[in-house]
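Colleague: Letter by letter, the chains look like this.
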Amino acid sequence: MDETNSPLQIKGIRDGLLVSLDDASWDEQHAALISQVDSQPAFFQGARLALDVATQVLHVNELVEVRDQLSDRGIFLWAVLSESPTTEKTAQLLGLATRISKPRPEETRQFSVEDLGEETSLFLNKTLRSGTRIEFPGHIVVLGDVNPGAEIIAEGNVIIWGRLRGMVHAGAKGNTEAVVCALDLSPTQLRIADEVSAAVDLSDSPKPEIARINQHGKLQAEVWSPG
Amino acid sequence: MPAQVITITSGKGGVGKTTAVANLAVALAMEGSKVVCIDGDIGLRNLDVILGLENRIVYDLVDVIEGRCRLKQAMIRDKKLPELYLIPAAQTRDKSAVSASDMTRLVKELRSECDFVLIDSPAGIERGFRNAIAGADRVLVITNPEVSAVRDADRVIGILESEEKGPASLILNRLNPALVKSKDMLSPEDVLDLLAIELIGIVPEDETVLIASNRGAPVSYDAKSRAGQAFRNIAKRLKGETVPFMDLDSQGGLWERIQRLAGRK
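Sequences listed follow chains X and Z, in order.
Heads up: the first sequence runs through residues 1 to 227, numbered per the working numbering.
Heads up: the second sequence runs through residues 1 to 265, numbered per the working numbering.
Honestly, the hints are just simulated from the structure, not real lab data.
Take the hints with a grain of salt, since some may be wrong.
Unchecked claim - Keeping only pairs whose Cα atoms sit at most 25 Å apart, straight-line, the calculated DSS-like set for lysine-lysine is: (1) Z:Lys239 with Z:Lys183; (2) Z:Lys79 with Z:Lys165; (3) X:Lys126 with Z:Lys34; (4) X:Lys207 with Z:Lys72; (5) X:Lys89 with Z:Lys108; (6) Z:Lys165 with Z:Lys181; (7) Z:Lys224 with Z:Lys165; (8) Z:Lys79 with Z:Lys12; (9) X:Lys218 with X:Lys173.
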C-alpha cells in the first residue's frame, strides 16, 4: 500500500492503536479508514482503537456508524480525540474517552518520600476493603478492619486497631525490626522485610497479637499482654 | 413523591442480581407501586426472560439512548401487573453503547413517571457496573454466603463508598440454614461481620426460585414460597415499612442473633 497517499496515520500507543485523520471530508476519511482496516484484517483484529479526528465536526449518527462498523470488524473504538467541542461532546455522549493518557489514581495511594522523615506515620480511620492498596514509606496505623483482598505495604511498622484479614507487608524496604500488630491477627499473608508467612490458625476467640522476626530469623506471632 | 432509583449489584456473577430485580419489581408492583425496571446488562440480557416478557420486545435501552424511539415505546408493560414496566437491554450491542451520562439522563426522565426504578447491574466492576450505579439513589449489594461472593461484594462496597453512592444495603441470597447450622456455610453473622453494612433481607435457598424464573413468573407471585416471602418483605422494607426478619430456622437462636445484628445500626 502506498502510505504517502493515505490520509490516515496509524501509530501504536500504550493503549492500542491511534489513528489520526486530517482535515479532508469526513466521508472520504471514513471510507479510507474502513478500507485500510479491510485491507489488513489480521493486523486490526481485536485492536483497541483511538481516533484522532482533528477539527472534524461529528454528530452522534456518524460516530455510531463508524463505531459499529469497527466493532463488526472486531475493533473496539474506545476514544475519540478532537479539537472540536461538538465532536468531543458527541464522543462523551456515546461514552467514549476524549483523552488518551488516562491516569488511574483509583485506590492506589503512593506518597513521596522526600518530605517525610523516618518516623512519620499514616493514620487511616476506616475499614480497608478488598481491592484497596495502601503504600507508605513510614508506619501505618489503621483504626478499622483490614478485609481480605486489601493490601498494606509500609516501610515501618503496621498497627491495626481492628481485625487484620488482608495482606500486610511491614519493613518493606528490608527493615527486619518492623512489627505488625492487630486486635485480631488473622492475615491471609503476612510479610516482614523478606520473610513471608501464610495464614496459620484461626482461633475462635481472637486476642491482640504482635508479629515480628525472632532471633532465628523466622516470623513469629505472640499474644500481646499488657505490662 | 419522586421515584426512588435503586440499583442491584454484586461484583460476582450468578449470585442472583437479575432474579432479585425481577422479584422485587413484582413484589413492589403487587403492593401498588408503579415500577420500572431497567436491564443494564447490555449484550447479555436476561431480565426479560425471567419476567416472561421476551417476546414483547420491540425497542430496547440502546434504541432510547440513540434516539430511535421514545422512552415510552421501550417500556414494556407486564402481562399481569399493569403498573410494572421493563426497559430491556439490547442483545446485539455491548456495554460501550451506553455511558454513565446516558443512564443519568434516562433515570431523570423516569423519576416523574413512577415510584421505583430498579436497575439490574451486570457482573463485574467495569463500565457496565459504573453505568448502572450512575443514576442510583440507593444501591443494594447482593451476595451469597460463600467466600468468593463475599469478597467481591466487599470490593464493590469499597467502590460505592469511594463514589459516594453509599451506604449500600445487603441482600444475602441463597442461605441454607441447615448448612449454616452444621458450620458448612458462612452464617449471616460472618458475612455482616466482614461487610459491615445494613442488612435489608435474607433469602433462603429455595428451588421454587429457579422453577419460577424458568417459567417467566418470578417467585414473588407464589404466596407459599419462603423465598417469595423474603422478597416481598424486602420490598416492604424498601417502601419504608419495618418488617421483622423471617424465622427460617424453626429452632430459633441463630435468627434472633441476626435480628439483633440487623437492628444494631
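Colleague: Compare the structure with each hint and give your call.
Modeller: Cross-check of the supplied hints:
| no. | hint | verdict |
| --- | --- | --- |
| 1 | Z:Lys239 with Z:Lys183 | violated, 34 Å |
| 2 | Z:Lys79 with Z:Lys165 | violated, 33 Å |
| 3 | X:Lys126 with Z:Lys34 | violated, 39 Å |
| 4 | X:Lys207 with Z:Lys72 | violated, 60 Å |
| 5 | X:Lys89 with Z:Lys108 | holds, 20 Å |
| 6 | Z:Lys165 with Z:Lys181 | violated, 35 Å |
| 7 | Z:Lys224 with Z:Lys165 | violated, 35 Å |
| 8 | Z:Lys79 with Z:Lys12 | violated, 31 Å |
| 9 | X:Lys218 with X:Lys173 | holds, 17 Å |
Violation of the numbered hints given earlier is confined to hints 1, 2, 3, 4, 6, 7 and 8; the remaining hints are satisfied by the structure.
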